[in-house]
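One line per chain: the protein sequences are A, B and C, in this order.
Residue numbers for the first sequence follow this note's numbering, so the first one is 1 and each next one is one higher.
Residue numbers for the second sequence follow this note's numbering, so the first one is 1 and each next one is one higher.
Residue numbers for the third sequence follow this note's numbering, so the first one is 1 and each next one is one higher.
Hints listed in this document are in silico derivations from the structure and should not be mistaken for laboratory results.
Each residue gets a CB set at the ideal place from its N, CA and C atoms; glycine is no exception.
It cannot be assumed that every hint is accurate.
What the hints assert, rightly or not - According to the in silico footprint, chain A covers these stretches of chain C (three or more CB under 8 angstroms from chain A):
hint: 1; segment: 36 to 47
hint: 2; segment: 60 to 69
hint: 3; segment: 93 to 103
What the hints assert, rightly or not - From the structure, some residues in chain C lie toward chain B, with a derived Cβ separation under 8 angstroms:
hint: 4; residue: 78
hint: 5; residue: 106
hint: 6; residue: 117
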Amino acid sequence: MSVKTIATQRASMNIPTGRLAVWWVLVSEIVIFGGVLVSYLMHRLGHPEWGEQAAYTNMWIGATNTFVLLTSSLSAVLAHQAAEKGDGPKAARLLYLTVLGGLTFLVIKSFEWTHEIREGFVLQSGGFWSYYYTAAGLHAFHVMAGMGVILWVANDAKKNQELHRVENVGIYWHFVDIVWIFLFPLLYIAK
Amino acid sequence: MAEIAHEHGHLPAGHGHAESNWFIKYLWSTDHKVISLQYMFTGMFMAMIAGFMAYVFRMQIAYPGMNVPFFGHVSPGAYNSLITNHGSIMVFWVAMPVLLAGFGNFLIPLMCGCDDMVFPRINRLSYQLFFISAVVLIVSWFVPGGGFGGAWTAYPPLSAVGKYNLTPMGSSLWVLAVALEFVAFLLGGINFIVTAMNARAPGMKAFDVPLAVWMIVVASLLFMASVGPLIAGAVMLLFDQNLGTGFYNPTRGGDPVLWQHLFWFFGHPEVYVVLLPAMGIVAEVITVFSRKKMFGYKTVIYTVVATGVLSFFVWAHHQFVAGIDPRMANVFTVTTVIISIPIAEMCFLYIATLYGGSITFTTPMLWALAFIAEFLIGGVTGIYLGASGADIFFHDTYFVVAHFHYTFYPIAIIGTLAGITFWFPKIFGKMMNETMGKIHFWGTIIPFNFIFIPMFFLGMEGEHRRIYDYTNFPDLANPWAVSMRITSTVALVVMLLFQFIFLFNFIYSMLRGPKAEKNPWKSNTLEWTADSPPPHGNWREMPTVYRGPYEYATPGRETDYWPQDERA
Amino acid sequence: MTSTAHAPAHGTAHGSAHGPGDAHAPHRNYVRIWGILCALLVVSVVGPMLGIRWVMLITAFGVALVKAYMVAKNFMHLDIEKPIVHWILLVALALMVLLYGALAPDVQKGEGSGWKKDAGFHHSFVTSKPHEAGEHEKPENAEHGKP
Chain A
1 MSVKTIATQR ASMNIPTGRL AVWWVLVSEI VIFGGVLVSY LMHRLGHPEW
51 GEQAAYTNMW IGATNTFVLL TSSLSAVLAH QAAEKGDGPK AARLLYLTVL
101 GGLTFLVIKS FEWTHEIREG FVLQSGGFWS YYYTAAGLHA FHVMAGMGVI
151 LWVANDAKKN QELHRVENVG IYWHFVDIVW IFLFPLLYIA K
Chain B
1 MAEIAHEHGH LPAGHGHAES NWFIKYLWST DHKVISLQYM FTGMFMAMIA
51 GFMAYVFRMQ IAYPGMNVPF FGHVSPGAYN SLITNHGSIM VFWVAMPVLL
101 AGFGNFLIPL MCGCDDMVFP RINRLSYQLF FISAVVLIVS WFVPGGGFGG
151 AWTAYPPLSA VGKYNLTPMG SSLWVLAVAL EFVAFLLGGI NFIVTAMNAR
201 APGMKAFDVP LAVWMIVVAS LLFMASVGPL IAGAVMLLFD QNLGTGFYNP
251 TRGGDPVLWQ HLFWFFGHPE VYVVLLPAMG IVAEVITVFS RKKMFGYKTV
301 IYTVVATGVL SFFVWAHHQF VAGIDPRMAN VFTVTTVIIS IPIAEMCFLY
351 IATLYGGSIT FTTPMLWALA FIAEFLIGGV TGIYLGASGA DIFFHDTYFV
401 VAHFHYTFYP IAIIGTLAGI TFWFPKIFGK MMNETMGKIH FWGTIIPFNF
451 IFIPMFFLGM EGEHRRIYDY TNFPDLANPW AVSMRITSTV ALVVMLLFQF
501 IFLFNFIYSM LRGPKAEKNP WKSNTLEWTA DSPPPHGNWR EMPTVYRGPY
551 EYATPGRETD YWPQDERA
Chain C
1 MTSTAHAPAH GTAHGSAHGP GDAHAPHRNY VRIWGILCAL LVVSVVGPML
51 GIRWVMLITA FGVALVKAYM VAKNFMHLDI EKPIVHWILL VALALMVLLY
101 GALAPDVQKG EGSGWKKDAG FHHSFVTSKP HEAGEHEKPE NAEHGKP
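Based on the provided sequences and hints, a complete structural model is requested.
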């Protein structure tokens with residue numbers, strides 16, 4: 001049961017309200033992640049010794065996770081394509097694949113972090129590690145939130161309802177992917 | 001299956017179950033008008049608490065060591081908590097919810113000719129998050145150690161280390177409350193922006209939108225753009241407080257000045273976030289009660305946008321003595337002094353609007369005029385602080401306190417009262433009592449000046465702020481200074497007492513005031529074409545707009561106003 | 001007389017996937033783009049293995065920029081999105097550039113006249129010792145010579 005107001009359906013700027021709203025969400029997310037990453041960047045560039053700590057992150061796991069997220073973005077945009085054609089059940093299936101990608105990402109990350117914590121690298125281990133866990137943790141939080149919203153949208157989509165939301169949730173998911181695209185070199189490659 | 005509504009108006013039955021029971025109607029509603037009242041009442045309640053806190057700590061300042069009536073003896077720790085929470089509450093739990101969320105929620109759909117916001121359920125969620133943030137803050141006062149005592153600016157290491165601030169639990173709860181409040185307003189802001197951008201009535205072009213809406217939307221934009229880094233910073237502070245990280249600890253590879261920068265990068269745009277809605281409200285009031293077009297409507301909008309942009313370039317004027325590079329201080333002095341120009345220009349535009357108008361001194365108009373006068377004083381005194389050379393002396397003195405109260409008080413109290421007294425008939429369908437309104441006005445404005453003018457002089461004499469007991473400072477314990485402090489405090493008590501008149505007026509009028517017609521003030525904007533109060537869905541037939549909002553005193557017309565939805 | 005249609009002058013968005021005035025998303029081969037993205041990923045992983053620092057930085061961050069651009073253009077359809085969206089995204093990014101530019105001279109400085117910033121690795125986790133709860137107090141005590 002949705003609360004569809006007249007206001008929701010107008011489009012004075014010739015862009016659907018849902019999509020416009022998602023872009024505004026991304027604007028606010030850019031400045032939130034930007035805040036963390038700018039802080040990290042300044043400290044990283046000001047403390048060349050942090051590079052020694054960064055050597056302990058596992059680039060292969062990072063690359064695998066990058067691959068996982070890229071693939072989940074593919075399924076998200078294919079879901080959009082299906083939704084555009086009006087095929088709700090197919091869109092829903094592809095969205096479920098996207099969620100599976102997110103889940104895989106999180107599982108890999110939990111193994112990665114468990115290993116690092118066992119090695120003695122925790123949140124409190126010093127500057128680099130504090131930022132490492134905070135930035136990646138904030139990202140993982142957004143992955144989880146995204147998965148929740150995608151499931152909710154997929155649930156409507158499989159009944160051929162609210163198909164426009166497939167595109168919108170995809171836009172959010174691609175953004176989460178892009179954040180990781182930058183986190184990967186920042187935390188894993190630059191050593 | 002979603003019920004899609006026609007442009008004809010009120011939504012069909014599947015949507016109209018809002019009458020079901022009291023809980024759903026008032027606590028679980030998605031109606032923007034109900035949500036706006038939730039924000040406003042919460043904000044007004046928090047204002048009473050923060051006002052009481054001011055009373056307590058001012059009594060301590062004026063009469064050190066006394067047993068304050070209704071509170072008791074004020075310990076140094078309690079003093080710190082009181083000043084911290086007074087400031088935090090007034091900014092985050094009074095000014096923001098009342099001006100931005102309260103008036104924004106009420107006015108935007110109505111002034112834009114919509115039946116509600118574009119995302120009513122997210123609207124409801126934003127209030128619920130805000131409510132939780134208020135609860136978290138209130139809880140923080142009752143945990144062991146008491147409420148956070150590290151000043152509303154929460155600089156680490158004081159705010160990060162419980163051993164220093166003596167309020168370890170309170171400080172974490174404070175950070176959590178602020179973070180929740182930020183998320184609530186981010187959600188709300190998106191609603192406001194998308195509604196105003198995309199859901200306007202047919203015929204309403206961008207420059208037909210009333211200034212109140214423009215200002216609230218620009219304010220939401222400023223908030224959204226500036227709060228992100230501070231949210232990141234707040235998470236890092238929370239980790240420092242509780243998880244042993246060292247984001248702001250130089251011995252751990254961090255930097256305390258980073259917090260200052262993140263805080264003020266948000267903090268300066270934030271003052272414009274609260275200023276703009278107040279200026280928007282004042283614009284609506286002065287045009288109606290001088291029966292005149294807004295002088296330079298488009299100029300006001302361009303100026304507001306320019307101010308918003310500039311506001312991102314001035315923040316380090318809060319850090320002139322924090323050890324920043326003096327060359328950086330030079331840059332920020334220049335930008336800070338420059339930003340006074342657009343604001344002054346807006347004040348001139350407002351005065352030009354009044355000039356030659358047919359002015360009626362109703363209560364809302366009195367508040368609006370007082371806003372302009374008092375805010376001017378605040379703005380002018382800011383220039384002394386913006387000049388880094390002078391600021392070396394003035395920083396952390398009462399001069400600063402007086403300056404920001406001469407800006408914040410007009411914003412949060414005077415602007416709010418202008419708005420409440422102006423839109424009360426529309427919100428509640430009843431008229432407020434004018435006589436009580438005027439007594440309340442004078443009983444507030446006159447004492448207000450007696451509270452803060454002494455503080456300018458005390459600041460010039462070097463009185464530090466955030467001091468618990470001035471008898472410890474021989475230079476500041478002289479009879480003149482003591483009498484100034486007492487004057488401020490007595491004036492505060494008088495002002496607080498006069499607020500009971502407002503409370504009585506408000507409640508009595510809400511319950512038993514004379515019934516209000518649709519458009520008692522003969523205004524042009526769309527909200528006055530709806531019933532008083534508007535029903536769920538606002539109009540049976542949605543309005544169409546034919547002209548701008550300020551067509552007053554148009555030559556050749558019988559009436560001196562021309563509503564936006566009246567066909568030519 | 002107010003409008004009776006579902007689509008007044010400003011247009012409405014229905015339950016379909018995109019709104020009025022939108023170009024249909026051009027037929028793109030999303031799988032092909034995904035393939036290119038994966039290839040770029042390989043490049044960014046191989047780069048560091050060559051051992052030359054600037055090559056590593058260029059491949060790592062250059063690839064990141066290209067990948068982000070491709071995802072934004074092809075998956076988010078930013079190229080056919082309305083200009084207003086471009087503007088708001090650009091402003092957000094510009095703000096982050098401003099944030100860095102204004103804060104870095106202060107926060108990024110490692111030393112000044114009479115002071116130097118600590119790297120802050122006093123907790124000796126760098127020795128890869130397994131971490132047990134509460135153990136992080138011990139290394140510090142050991143440094144200070146406490147029993």
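A quick look at each hint next to the structure:
1. 36 to 47: Coverage by chain A holds for the segment 36 to 47 of chain C (6 residues, Cβ < 8 angstroms).
2. 60 to 69: holds (count 6)
3. 93 to 103: Check passed, 6 qualifying residues.
4. 78: It is violated, given that the least Cβ distance between residue 78 of chain C and chain B is near 18 angstroms, above 8 angstroms.
5. 106: holds, 6 angstroms
6. 117: holds, 6 angstroms
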